[in-house]
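Protein chains in written order, with UniProt numbering: chain A, 1 to 155; chain B, 1 to 91.
Simulated from the structure, these hints should not be mistaken for lab results.
Check the hints yourself; a few may be wrong.
Derived CB-CB ranges, DEER-like [claimed, not checked]: (1) A:136 <-> B:71: 19 to 27 Å; (2) B:7 <-> A:47: 40 to 48 Å; (3) B:65 <-> A:2: 38 to 46 Å; (4) A:62 <-> B:55: 23 to 31 Å; (5) B:71 <-> A:98: 37 to 45 Å; (6) B:29 <-> A:93: 29 to 37 Å; (7) A:149 <-> B:45: 19 to 27 Å; (8) B:64 <-> A:93: 49 to 57 Å; (9) B:46 <-> A:70: 30 to 38 Å; (10) B:28 <-> A:122: 31 to 39 Å.
According to the in silico footprint, chain B covers these stretches of chain A (three or more CB under 8 Å from chain B) [unchecked claim]: (11) 54-68; (12) 104-112; (13) 127-133.
Here the structure is a predicted model, which is why all the values come from computation and not from measurement.
Here a beta-carbon is modelled for each residue, glycine too, at the ideal position from N, C-alpha and C.
Read off the chains here:
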Amino acid sequence: MDESEDVPKDFIKLKSEKLSVAEVSELVNSPYCGAVSLFVGTTRNNFEGKKVIHLEYEAYTSMAETEIKKICRDVRQKWPSVKHIAVHHRLGVVPITEASVIIAVSSPHRVESLEAVTYCINTLKASVPIWKKEMYEDEYSWKENKECFWANSEK
Amino acid sequence: GGERLCPPQVSVLYFARSAELAGLRRETLRVPRQLTALQLWEEIVSVHPRLAAIQDQVIFAVRQEYVVLGDQLLVLQPGDEVAIIPPISGG
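Could you put the whole structure together from the sequences, leaning on the hints where they help?
Written out as structure tokens, the structure reads:
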């Protein structure tokens, strides 16, 4: 493949089905890239001594996709050598140990993709309209990312 | 100039805690064409008083741009989307 045919692509998906690390990683493969960096966010079974049964996610889907596209555009400005970016986020119920978000970035050398993946997840947590409800045995809690500037930080 | 425009019907979307308090996810409301973000919030709270409990923790998304509940003047068109955005927790 000529490198001019390997056009940089963004793969953004919000879906209720189980996410696949292999699938997301495969999306960003490129013969011109020597590095694929991944972040996988999974459901933890506890929070502040309470047992977590599962997580439930909802999203302002159209705006979430637009905000993720903005993150991809910012990544390409900061790390121009980044080739492909994939962000898959699950919606609905996510059982313990399953993935709620997978981010994959490819680049010719490893530094850019490692840094870009970190930037993606940190910025997603600050700006993408997705909400997580943590289900405990007797109650639930709407979570608030500390990165969110309009959350009440005194909680 | 000076043409009187009809107050537009906008789509209001509720998410997470705000959907629980309002008891619904989506509705159309007729609102003034020009008003501050805070005034728009007050219009919505007048329809759903239970939302007052989260006033300090929400912002709007108007036509998919975030707007804090303050003095910013909004000019709304018929069919505009206004979303109530509680603190986010994606990822």
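Against the structure, the hints come out as follows:
no., hint, result
1, A:136 <-> B:71: 19 to 27 Å, "violated (39 Å)"
2, B:7 <-> A:47: 40 to 48 Å, "holds (45 Å)"
3, B:65 <-> A:2: 38 to 46 Å, "holds (39 Å)"
4, A:62 <-> B:55: 23 to 31 Å, "holds (25 Å)"
5, B:71 <-> A:98: 37 to 45 Å, "holds (44 Å)"
6, B:29 <-> A:93: 29 to 37 Å, "holds (31 Å)"
7, A:149 <-> B:45: 19 to 27 Å, "holds (22 Å)"
8, B:64 <-> A:93: 49 to 57 Å, "violated (26 Å)"
9, B:46 <-> A:70: 30 to 38 Å, "holds (33 Å)"
10, B:28 <-> A:122: 31 to 39 Å, "holds (36 Å)"
11, 54-68, "holds (count 8)"
12, 104-112, "violated (count 0)"
13, 127-133, "holds (count 7)"
Violation of the numbered hints given earlier is confined to hints 1, 8, 12; the remaining hints are satisfied by the structure.
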